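There are 4 protein chains.
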Amino acid sequence: MSNTFGRLFRFTTWGESHGPALGVVVDGCPAGLPLDESDLQRDLDRRRPGQSRVTTQRKEEDRAEILSGVFEGKTTGHPISILIRNKDADSSKYEPLRNLFRPGHADFTYIQKWGIRDHRGGGRSSARETAARVAAGAIAKKLLARLGVSILGYVDQVGEVRWDGAHFDADEIERNIVRCPDAETASRMEAAILEARKAGDSVGGAITVLADGVPAGWGEPLYGRLDSDLAAAMMSINAVKGVEIGSGFRAAGMRGSENNDPFEMKDGEPGVRTNNAGGILGGISTGAPIVVRFAVKPTSSILIEQDTVTTSGEKTTVKVEGRHDPCVATRAVPIGEAMMALVLADHWRLGLGSRIE
Amino acid sequence: MSNTFGRLFRFTTWGESHGPALGVVVDGCPAGLPLDESDLQRDLDRRRPGQSRVTTQRKEEDRAEILSGVFEGKTTGHPISILIRNKDADSSKYEPLRNLFRPGHADFTYIQKWGIRDHRGGGRSSARETAARVAAGAIAKKLLARLGVSILGYVDQVGEVRWDGAHFDADEIERNIVRCPDAETASRMEAAILEARKAGDSVGGAITVLADGVPAGWGEPLYGRLDSDLAAAMMSINAVKGVEIGSGFRAAGMRGSENNDPFEMKDGEPGVRTNNAGGILGGISTGAPIVVRFAVKPTSSILIEQDTVTTSGEKTTVKVEGRHDPCVATRAVPIGEAMMALVLADHWRLGLGSRIE
Amino acid sequence: MSNTFGRLFRFTTWGESHGPALGVVVDGCPAGLPLDESDLQRDLDRRRPGQSRVTTQRKEEDRAEILSGVFEGKTTGHPISILIRNKDADSSKYEPLRNLFRPGHADFTYIQKWGIRDHRGGGRSSARETAARVAAGAIAKKLLARLGVSILGYVDQVGEVRWDGAHFDADEIERNIVRCPDAETASRMEAAILEARKAGDSVGGAITVLADGVPAGWGEPLYGRLDSDLAAAMMSINAVKGVEIGSGFRAAGMRGSENNDPFEMKDGEPGVRTNNAGGILGGISTGAPIVVRFAVKPTSSILIEQDTVTTSGEKTTVKVEGRHDPCVATRAVPIGEAMMALVLADHWRLGLGSRIE
Amino acid sequence: MSNTFGRLFRFTTWGESHGPALGVVVDGCPAGLPLDESDLQRDLDRRRPGQSRVTTQRKEEDRAEILSGVFEGKTTGHPISILIRNKDADSSKYEPLRNLFRPGHADFTYIQKWGIRDHRGGGRSSARETAARVAAGAIAKKLLARLGVSILGYVDQVGEVRWDGAHFDADEIERNIVRCPDAETASRMEAAILEARKAGDSVGGAITVLADGVPAGWGEPLYGRLDSDLAAAMMSINAVKGVEIGSGFRAAGMRGSENNDPFEMKDGEPGVRTNNAGGILGGISTGAPIVVRFAVKPTSSILIEQDTVTTSGEKTTVKVEGRHDPCVATRAVPIGEAMMALVLADHWRLGLGSRIE
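These protein sequence lines are chains X, S, U and H, in that order. For what it's worth, my numbering labels the leading residue of the first sequence as 11, then goes sequentially. For what it's worth, my numbering labels the leading residue of the second sequence as 11, then goes sequentially. For what it's worth, my numbering labels the leading residue of the third sequence as 11, then goes sequentially. For what it's worth, my numbering labels the leading residue of the fourth sequence as 11, then goes sequentially.
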């Protein structure tokens, strides 16, 4: 069950960083949705390596092939199998890393659990797996668009550079290479990334993902809450160490009179005036935008020498060479969006039949 | 599936705040574990209302009755059904709230989803449900103790009062009514709570939960990661708005060279020197303590007048009378511990058979 | 997961034969369904022991208490917890059986698996657990009735007496104590049961359950097929050793030209002319009645001396005294109906959202 | 969830009969199992079309490619993705069938459910999907062999020819093209198949699958019973209409004194003397061979003219041309074995941790 996410709209991923291919099987997509490979490509392109000077230089086209589940341009309700070939894997750089544990990576824990690991490019623990999620997420987004839901993510923090939230320009996000909604902040973020890389180091960051148009009433009680599922979804992304909904950790410092969102009538419908709740009350959507924020740790692979031990228990040091993102936040934007979309698509189906008329 | 948590060691809760009883069915507990009702009572007592001047004054004994799954003092491997009677429900205070939406509560979203809700004491959305989790968690804790794992939670923030982490005294936690590991900070936290209550208001907080003794190698890839499951678990607790593992959101501002935990040999075994990872790498335990922190929003029920609307769409205002905790953080400690224990018990079983010798 | 059945409309049972109570938690029932305890009682009365001269003489009222999930006479969408007290348990008869394995029972396998078992009345392996299913099934039946689906079961075989299918009188079923749709056959069945009992022996039987009004298109591919779920459901009932759909095992001896059901137009809608398929093609309903038949083995508890061994490995013999049904088929009718209803209610919810318009 | 089977050792299949490929993702296989493509090929060869004069003449090599989850010849604990290309699809024969409902097939129900179907070769409802299960099953068999469990299937009935059970020669099974353990019966079965084909017709059959070496104590209560899971597994195979365990439907006609299996000591261990229970009591294995039998209906595709209707509701007739097995029983043998193996591999993992020592 570990490589499957979701209940009714669900997907299963497979594949290693340096294997012949990776892929995903999406099950539970309703029949009748127009779908072809180009629908998947836009987000794959936003996620793929080598897209700018702040990302890894591995060159992968990340072309998605749809092998099943689509007939004459429409989904059939059957599993949609998507295959993405690995083309630019270079395992030679990983040979010296075969028998030691890279700090911050899953090398040690994978060996502890399974006694065996594919060390090439991180094997299964590589963030390359997220290409599969992004492909699956593109299907979920297309379904959600039919239901009036749109999803948007952006970087709001890189290291110590934090966007102040003052100027939000949705169009700006994809115009700059860090995906920040404010051009000036974006350039400071870019500088922070390049500075870290120059030092052989890396830097963390944070991403916000919004979902607009989710009607009130999506989500399940009590262990299938929308916020609970979103927390699991975002935390399942490589390098994520924290997730918050709406006011999030700030709520710990607030008073109820500040944090509560008053209700009011808008266009004849009740709704919240503010959105500290991040669009979710009691695990169920309020109709306001869903707001999720998550933190990514600085990339574990750095060129600075670090202490570690070998698989046979000897002290050593390691500098992790290879092609790495100095900050994973920018490429994490489409991944966070994909996970948001996948959670929402699942909840759309889960909620059907919640009441009888 | 919404009222069930876990895969192999799993539980299902039921019951409303003002119904005759609430309860939980625990399935997947191994046979042979000594268990009686007194094992459940200690944590139930730590969670129950009315225990101190900073909690609600509702008086509930929260006596757990075990109705199945135990034979001659030991678990049998069959479902353990636990029943807790509601004895001090007073629904009269909720009558004026029947037809309006309390800000910050699930009233609105429940009506949107189901078209019907039990308004008495919040019905199913009441935090009273957490008694059931705490009872289930006590079983998980007893199982984990057999496996060498112990769990400890405490409050580290109440409103703007944040523990500085300097003096940690595990014995202090249960000596003060806010459950902070430092007596001096605890008294400032208590003052903050009482001040908020005096103003008819409430205040948020944050809780840290630690698990010691978890061996390296627990956790599943990729959508069954330990951190992912913990995030879902904590976020499923009423009022929780954020979850972080190890360095958490601080990691967004850090560099890789700071955040990575070097490996070293200790007593002939490899392990991490520091624990920014919070005991989890690649979703799998490192052998270091598991560290989870979560934020609870300020209690939504406040005596200050707030704008809202009625179920029939008219503007109105509401002061929420009744017996409420001015800060839910202190009672959330055993709940967070329970969820940690329940996730770990499940992962213990999930991990068996991960490799063949 | 073992004590839970279903995906979206699901239930979890708990309780032992001689414990204080047994029960079930039903999760996923839509909100808004009128429900009270009397809705559960009719089928509980049809299943309960002591109802006629061909059933066990244990006297249980099997009164169902609803503890949650219903508010002002309607379901709320939250878990419905049902409690049934055990009142006439007499454990003394089981004391001599504590340390030996009754042939045909789960005594041996339970000890092999868990190392411990509640021997009183069979503990968790007792068919008394089926009371919980019948209560859950009554809720499913009420939901299905709203959707135009009705369910009917009957006994078609007792030992060597097999109903010839010639005269079907639905009203006759509950008029005779074996629940056969033909009075004359019923009396021969009754005689077969009484004859077996007189010999201290027991006899097997078979039950057919029909569901009428299921629209075409219910069921999931490929591992959630309606027939696959029904097979699992019926096989999960104590003593069941075989399940067949439509022509079932007879199909093995048939030709395609005989077994295929031609399509034809009826009232402007396509449908099948015959129903060898038992209402299911490719795992999905055709709109014709769903027809499931299952075989129950002869009751394992008999008064005839049988060879066996003790838990410490000594040869011995056993006559199983106590209050047992000489044929479980008659009481299995409402149980089979309940399982049919529970599968169908689940599939109703599962199928929603299968296509977008 | 519909295209996934199993809980811990689980698999997900995808692909249509005439798409570019089909495949399966196996998740939950323990790490450390030696595995390569040749391990999958033997059973794929036993299942593939075109292997003898009693099977379809479609020519498919059914070569399995392993794309992930194996490193340096051993499983890694990560998903094993297997791809099988479709090479000999000939869709032209299906063009005339696009707009009508073939009797006995899923054409009608698929359209009712999804409003769209890939008519080419039956699309997703084709038995071609079973190649994926057989590949997955080969992995399960290899794992089980390490645990001392072996699996063997054979045909015991073709139309009215039923094996009398007198002479059992395991080596004979794969020597004859119908896979019957008795050569003389096999030749009569072959004649029955060829006679049906000559008439443009088809014939049903039945298969028995045995598992030897399963220790006592595998299986879960109550809705995860071994027999319940096996019933679901076998019923999920195309064309299966009935499943029985041990004495099965014969038990309906028996007395308890006949059907009960006495316990006795063998080599110092308690066990059953006879095996009417088919190796399962209370849903849990007894240590005796697991015995499952299932019936397959006669192939729905026949050359005899049958009444049907078009998708637009007009009466018509159809003769189903193309390359079809006149009896699917012989090729169902490895499929039944695969499903047995997959259920048992799952139960092996499920049972770990059932008790604490």
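It is possible that part of the hints are untrue.
You can't tell identical chains apart in this list, so a pair holds if it fits in one copy or across any two.
[Said to hold, decoys possible] The calculated SDA-like cross-link candidates involving lysine to any residue, where the alpha carbons are at most 20 Å apart (straight line), are:
#	residue 1	residue 2
1	97	362
2	103	178
3	69	101
4	152	30
5	152	42
Quick caveat, the hints were computed from the structure, so don't treat them as lab data. Note that the structure is predicted; figures quoted are calculated from it, not measured.
Checking each numbered hint in turn, tell me which of them this model violates, lowest number first.
Result: hints 1, 2, 4 break, sorted rising.
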